[in-house]
Each structure stands twice: as C-alpha cells, then as structure tokens.
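For reference, each letter of the sequence shown is one residue, going 256 to 599 in our numbering.
Honestly, the hints are just simulated from the structure, not real lab data.
Computed from a predicted model, the values in this text were never measured in an experiment.
All residues carry an ideal CB built from backbone N, CA and C; glycine is no exception.
Derived EDC-like pairs (lysine to aspartate or glutamate); straight-line CA-CA distance at most 20 Å:
1) K428 x E417
2) K327 x E374
3) K396 x E420
4) K445 x D309
5) K358 x E335
6) K333 x D413
7) K505 x E289
8) K546 x E495
9) K546 x D536
10) K505 x E307
11) K257 x E473
12) K584 x D573
13) K499 x E488
Here are the computed distance ranges between Cβ atoms for each label pair:
14) K411 x D483: 20 to 28 Å
15) H300 x K267: 26 to 34 Å
16) D393 x P355: 27 to 35 Å
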Amino acid sequence: MKLSDFSYNLPKGSVARYPVSPRDKSKLMVLNRETQTIESTTFSHITDYLEEGDVIVVNETRVFQARLFGKKEKTQAKIEVFLLRELNAHECIWDVIVDPARKVRIGNKIYFNDHLWCEIIDNTTSRGRTVRFNQSTDIYKAVENIGVTPLPPYLKRDAEPEDRENYQTVYAKTDGSVAAPTAGLHFTPKLIEKIKKKGVDFAPVLLHIGLGTFRPVEVEDLTKHKMDAEFFEIQKESAERINKSIRDGKRVIVVGTSTCRALESSVTSEGFVRPNRGWTDKFIYPQYDFKIADRMVTNFHMPESTLLMLVSAFASTDFIMKSYKKAIKEGYRFLSFGDAMLIL
Numbered sequence: 256m257k258l259s260d261f262s263y264n265l266p267k268g269s270v271a272r273y274p275v276s277p278r279d280k281s282k283l284m285v286l287n288r289e290t291q292t293i294e295s296t297t298f299s300h301i302t303d304y305l306e307e308g309d310v311i312v313v314n315e316t317r318v319f320q321a322r323l324f325g326k327k328e329k330t331q332a333k334i335e336v337f338l339l340r341e342l343n344a345h346e347c348i349w350d351v352i353v354d355p356a357r358k359v360r361i362g363n364k365i366y367f368n369d370h371l372w373c374e375i376i377d378n379t380t381s382r383g384r385t386v387r388f389n390q391s392t393d394i395y396k397a398v399e400n401i402g403v404t405p406l407p408p409y410l411k412r413d414a415e416p417e418d419r420e421n422y423q424t425v426y427a428k429t430d431g432s433v434a435a436p437t438a439g440l441h442f443t444p445k446l447i448e449k450i451k452k453k454g455v456d457f458a459p460v461l462l463h464i465g466l467g468t469f470r471p472v473e474v475e476d477l478t479k480h481k482m483d484a485e486f487f488e489i490q491k492e493s494a495e496r497i498n499k500s501i502r503d504g505k506r507v508i509v510v511g512t513s514t515c516r517a518l519e520s521s522v523t524s525e526g527f528v529r530p531n532r533g534w535t536d537k538f539i540y541p542q543y544d545f546k547i548a549d550r551m552v553t554n555f556h557m558p559e560s561t562l563l564m565l566v567s568a569f570a571s572t573d574f575i576m577k578s579y580k581k582a583i584k585e586g587y588r589f590l591s592f593g594d595a596m597l598i599l
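Please take these sequences and the hints and turn them into a complete structure.
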C-alpha cells in the first residue's frame with residue numbers, strides 16, 4: 256500500500272468544530288463488510304447491533320490540560336510549553352515541545368505562576384525539550400487549573416471552557432493523553448447503562464495518545480513509516496472479560512483505533528488477549544490480519560492518516576473510501592467532534 260492510496264478531498268465544511276449535544280445524537284454510519292452495504296442511523300441506536308455476551312472495549316485514558324503558557328525568567332518572553340509525556344515521576348521530568356523554540360535554551364527557567372516553574376535540561380528535537388518541574392507532586396494535578404485543553408490543530412480555534420468536558424469521554428479515568436480517543440466521545444452514561452442492560456459487558460484498557468496521532472506520514476512506501484511509541488496497559492480483569500467473549504463465540508467490539516492498537520499489541524499465539532503493560536509503536540495498515548477485533552466503532556479520519564489506514568485494514572480500502580465519499584455527500588461531520596462509524 257502507498258500513502259497516496261489514502262488521499263481524498265476533505266471539504267472544510269465537513270470538519271466538525273464543536274460536538275453535537277447530547278453526544279449520542281451524532282450520526283452513525285454502519286458498514287457491513289459481509290454484504291458490502293451501508294446504513295445510516297444515530298449513535299443512540301448502536302444497541303441494535305449488539306447482542307448479549309458481546310464485550311465493548313474502550314480506552315479509559317484521560318486528556319490532561321497539556322498546553323501551558325509561561326514566561327521566561329529575566330526577559331519575561333511568553334513561552335508555550337506543550338507537555339508530551341512524563342519521563343520520571345519522582346523527579347518531575349517531562350518531554351515537552353516549546354514555542355518559540357529559538358528563545359528556549361538549556362538552563363532557562365519558565366514560570367507559569369508563583370508556585371510552578373520548569374527548567375530546560377536537554378534538547379531533543381528542533382522544538383522538543385526535556386524539562387524538570389520544581390514540584391515533587393503530581394504534575395497532572397498541578398496543571399489541571401492553569402493548563403489549556405490540547406485541541407487538535409485542525410479545529411483552528413482556541414480551546415474554550417466547555418472543551419474540558421466535551422473533549423473527554425464520559426469514562427475517562429487515567430491522565431496521560433494529549434488527544435482524546437474520539438470514537439468514545441459519542442457514549443453517554445445513559446446509553447452505557449442501556450447497553451449493559453442488554454447483557455453487553457464493558458472492558459476498559461489504556462493507551463495514552465501522543466502528539467504523533469496528528470503527525471503526517473511523510474513516506475509514500477508505508478513499510479518505511481515509523482509510529483511514535485505510546486504507553487498502554489491491559490489489566491487482567493479486562494483481558495479475562497474479552498477472552499470469555501471470544502471463547503463463548505461472542506463479538507469483541509473495539510471502540511477506536513487506539514483501543515485496537517493496544518489489543519493487537521498484546522495477542523497470544525492462541526488468539527487471546529494477555530494482560531500487559533509497556534510501549535507500543537504498532538502500525539496497522541492493509542493487509543493486516545486482525546486477531547481480536549470483530550467490530551469497530553470509529554470516527555471519520557484525516558486523509559493520509561495512520562488512523563484512516565487502520566480502519567481501511569479492517570474494512571478494506573475501497574469500502575472505506577466509498578463510505579467516506581457517501582459521508583461527505585450526505586453531510587456527515589468529520590474528525591474529532593464529528594460523527595461515528597460502526598464497522599460490522
């Protein structure tokens with residue numbers, strides 16, 4: 256497969272800049288791989304495609320307020336510090352991106368308020384830096400009130416107070432992502448309760464989504480593309496729930512590409528999920544043979560993105576491109592705050 260196989264024209268008007276309310280009133284396009292048919296409904300009707308004994312796997316990562324704005328000591332120059340990942344919790348050392356990078360050198364200190372500041376201790380890339388915070392406390396909590404929601408750059412708008420809730424799944428639990436697992440944004444507590452009453456179980460896993468999810472693929476030959484590594488964890492209880500559905504001949508419904516990558520990074524030789532934690536840079540694109548996922552909930556993705564490649568591997572590139580063309584024609588909303596797709 257080549258990068259150009261995943262190119263399509265996405266009209267600006269198709270990009271959703273804000274979510275619908277309530278969340279489960281978003282459109283749902285249903286693709287049936289067996290019959291090659293496409294249906295349109297609303298997300299609240301996803302229950303029509305679920306059966307007792309099925310398991311829905313979700314990514315319970317939580318988006319933290321990763322964008323900080325501070326001032327450089329002495330010069331008072333305004334500096335943006337975008338937190339990427341925690342390297343050492345005990346010493347409060349983080350990988351970050353700074354802007355403007357030309358003003359930030361090793362040894363500089365950046366102050367965010369009277370209590371929180373960081374010191375640059377290393378350069379990593381042209382804009383990347385390693386920093387040490389002054390507080391030996393939970394930085395996630397420290398930035399919760401002073402940080403800004405890291406909205407995707409393609410939304411082309413500043414974060415608003417409502418985004419703290421809107422750009423977060425209702426089941427988000429563990430801080431660590433700089434981007435939301437957007438396929439899960441369509442679920443409401445009421446809908447989850449309705450699904451559970453149908454005898455469908457939920458199994459949470461964890462994958463902290465990094466900034467690499469927005470990084471463009473820069474090689475035509477996909478075999479040469481390297482994914483950014485992201486931390487994931489699958490606990491024993493969730494693995495057992497998933498494996499029970501597999502043994503009982505029921506379906507595993509995976510919510511989102513990040514959830515799928517976590518599962519497919521932890522498969523036993525017998526085709527089950529094993530409890531695991533670590534880092535994955537798994538790149539899924541056609542003709543990948545999925546081991547765990549039977550069905551997938553996803554959003555409509557950017558052209559030439561690794562997310563589009565993963566769903567194309569699941570449903571075939573031709574079928575996905577056909578559905579995207581139909582979605583644009585019928586006014587579906589694309590990207591993070593957009594509508595949903597269910598692939599059967």
